[in-house]
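Novice: Build out the structure end to end from the sequences listed, making use of the hints.
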Amino acid sequence: MIASGSGKTRALIEVMVRQQASGDKVAARRTRNEAIQAGQKDAQSGLYRNLAIADAKAGDYCAAFQALRALKGAAERNRTLVEIAKIQAERGETAIAHTTLAAIVGAASRDEAMVAIGSYQAKHGNIAGALRTAATMKDPVHRTVVLRYVAGAQSRMKRGAAARTTLKQLVEIAASIPIGGGTDTIVYLENAELSAKLGYRDLAINCYERARAAAMRYAEVEYQGSLLRDIAKSEGKVGLTKVAVSTATELPTPFLKAWWLLGLAEGLQP
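If you use my numbering, the sequence shown closes out at 893, no skipped numbers anywhere.
None of these hints come from the bench; they were simulated from the model.
Nothing false has been slipped in among the hints.
Below, a list of computed lysine to aspartate or glutamate pairs in the DMTMM-like style, where the Cα atoms sit at most 25 angstroms apart:
(1) Lys-761 x Glu-713
(2) Lys-880 x Asp-825
(3) Lys-746 x Glu-716
(4) Lys-865 x Glu-816
(5) Lys-781 x Asp-825
(6) Lys-791 x Asp-825
(7) Lys-781 x Glu-795
(8) Lys-820 x Asp-853
(9) Lys-746 x Glu-816
(10) Lys-695 x Glu-735
(11) Lys-791 x Asp-853
(12) Lys-680 x Glu-735
(13) Lys-856 x Glu-873
(14) Lys-761 x Glu-716
(15) Lys-746 x Glu-713
(16) Lys-761 x Glu-795
(17) Lys-856 x Glu-845
(18) Lys-695 x Glu-706
(19) Lys-865 x Glu-832
(20) Lys-820 x Glu-832
(21) Lys-761 x Glu-813
(22) Lys-860 x Glu-873
(23) Lys-860 x Glu-816
(24) Lys-746 x Asp-762
(25) Lys-820 x Glu-795
(26) Lys-791 x Glu-813
(27) Lys-746 x Glu-706
(28) Lys-680 x Glu-699
(29) Lys-680 x Glu-716
(30) Lys-865 x Glu-889
(31) Lys-860 x Glu-889
(32) Lys-860 x Glu-845
(33) Lys-761 x Glu-735
Restraint-style ranges between C-beta atoms, simulated for each label pair:
(34) Gly-783 x Phe-878: 35 to 45 angstroms
(35) Ile-802 x Arg-653: 48 to 58 angstroms
(36) Arg-782 x Gly-862: 19 to 29 angstroms
Note that beta-carbon positions come from the ideal geometry of N, C-alpha and C, so glycine has one too.
Specialist: Take a look at the structure:
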């Protein structure tokens, strides 16, 4: 016997998911209705959001959007639409995912799901589609995620010149990210690691230099040290040990040098 309250609602949804997975649509629909009745008694159960996501995972988008209509508040609907679009993208249904995204209010929410669409397109060789997806994204950080997948795919496809162009584009986007929370430094760092992995040593070194410059823009010395530690650790891991050792001599204070050398030592550990 299933207990009452939100626990019962969640349990019924789990049963419905198993029934959907086994192909028993009649039983799944019956359990779905029972979950709705149970959830109506508990406004905090997240009933319709959970139902919409479960329906989307089962490929029943009509039922998913029916549940969406019962959600109150644009923010909750947006969050659920993002999850549905991500599910669709991961299933390879990128065209349907784009349609779902059109119902989202607010560019920031939309970009999160578009990362899933663009990364799927790139990983499956649809470079043109991934580039179009990236071009429509408003947030530069999310855009860099998709473009890194694109560069990786181009490299695997032996399109070296195109991969280099994408990596350079990533540098330009990183330069547009405002200072704050270390995000600018982290994006440079992720770009550097990918460049090194793909064999573009010169681009990797350039990104690491930019990452260090971005880290030094922060006012708090302790935060500078923390970011420099991460950068040095990364340089050690990708095999740029000589470059990292040389950089240590250029840092302005013993404090920052100590943080840098600590990171390098961590990066060189097996």
